[in-house]
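Chain order of the listed sequences is A and G. Last residue of the first sequence? That's 144 in our numbering, and every number before it is there in order. Last residue of the second sequence? That's 242 in our numbering, and every number before it is there in order.
Check the hints yourself; a few may be wrong.
To be verified - Straight-line alpha carbon distances no greater than 30 Å define the calculated DSS-like cross-link-like pairs of lysine-lysine that follow:
1) Lys119/A - Lys218/G
2) Lys218/G - Lys199/G
3) Lys204/G - Lys119/A
Simulated from the structure, these hints should not be mistaken for laboratory data.
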Amino acid sequence: MESVPTATRSLRLAANAGCLHDALEFVRAGALEANLPEARIGELDLLIEEIFMNVCWHGYPGGRQGVVELAYSVPAPGELSVEIADQGVEFNPLTAEPPDVTLNLEDRPIGGLGIFLVKRLAPSIAYRRDHDWNRLTFALSAGS
Amino acid sequence: MVLLVSGRLDAESAPQFEQTCRACIAEGVTVLVVDLGELTYVSSMGLRSFIAIAKTLQEKHGALRICRLQGLVKQVFEITGLLDMFRVYESVEAALGG
Numbered sequence: 001m002e003s004v005p006t007a008t009r010s011l012r013l014a015a016n017a018g019c020l021h022d023a024l025e026f027v028r029a030g031a032l033e034a035n036l037p038e039a040r041i042g043e044l045d046l047l048i049e050e051i052f053m054n055v056c057w058h059g060y061p062g063g064r065q066g067v068v069e070l071a072y073s074v075p076a077p078g079e080l081s082v083e084i085a086d087q088g089v090e091f092n093p094l095t096a097e098p099p100d101v102t103l104n105l106e107d108r109p110i111g112g113l114g115i116f117l118v119k120r121l122a123p124s125i126a127y128r129r130d131h132d133w134n135r136l137t138f139a140l141s142a143g144s
Numbered sequence: 145m146v147l148l149v150s151g152r153l154d155a156e157s158a159p160q161f162e163q164t165c166r167a168c169i170a171e172g173v174t175v176l177v178v179d180l181g182e183l184t185y186v187s188s189m190g191l192r193s194f195i196a197i198a199k200t201l202q203e204k205h206g207a208l209r210i211c212r213l214q215g216l217v218k219q220v221f222e223i224t225g226l227l228d229m230f231r232v233y234e235s236v237e238a239a240l241g242g
């Protein structure tokens, strides 16, 4: 019997570090629905944490309150599509200059690895500006 | 000094890890062995702490020695070049031996 793709589920959260746990829980439900293996769920957690926290820290400057909208769907068994959107400052993280990961300890900056990790773990990730929303979408599959 | 880090090192727990390391350094520790055998997850916030602590120890002519990396944690260290940058060992014994 052919399986029917599930509907998109979405959740709106405050762009606040305290909501990271809720964001992870929500998307993990999608990973379970898609039957992703444990290793892929760890990567999914990492993707969500990096993107979500990036919005919390930089998306809404000056103490402005903002939102992060998460959505997922399971287009086919073993496949999970995720979108993370915010109404913060227009920012395409995918155009950020990649860090030099060959530098020694002395010359290494302390930060700057989050988006680099995202791009490496989700090569399919895409950005689009949609009216006043930043929208990042990526897909993970059981076999990827 | 050997620190065993288990569970998840993320935006929430990384500051606590860094604080613990800094407390060790304040007590005079210059060679810190961090056993990651029971660590299942690390995000960029955790990596940030490792780099910051290693820099502090280097300034004191000491070193951060990391051992027993596995799974996703090892993958993350590899992607970010930290596997080559840090002193990484297979076991606590090897790390203590330097």
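Taking the hints in turn, this is what the structure says about them:
1. At most 30 Å may separate the alpha-carbon atoms for a hinted pair to count; lysine 119/A and lysine 218/G meet this at roughly 17 Å.
2. Among the hinted pairs, lysine 218/G with lysine 199/G is consistent with the structure: their alpha-carbon atoms are about 20 Å apart, no more than 30 Å.
3. A C-alpha spacing of about 35 Å is found between lysine 204/G and lysine 119/A, which places the hinted pair above 30 Å, so the restraint is violated.
Comparing the model with each numbered hint stated earlier shows that hint 3 is the single one that does not hold.
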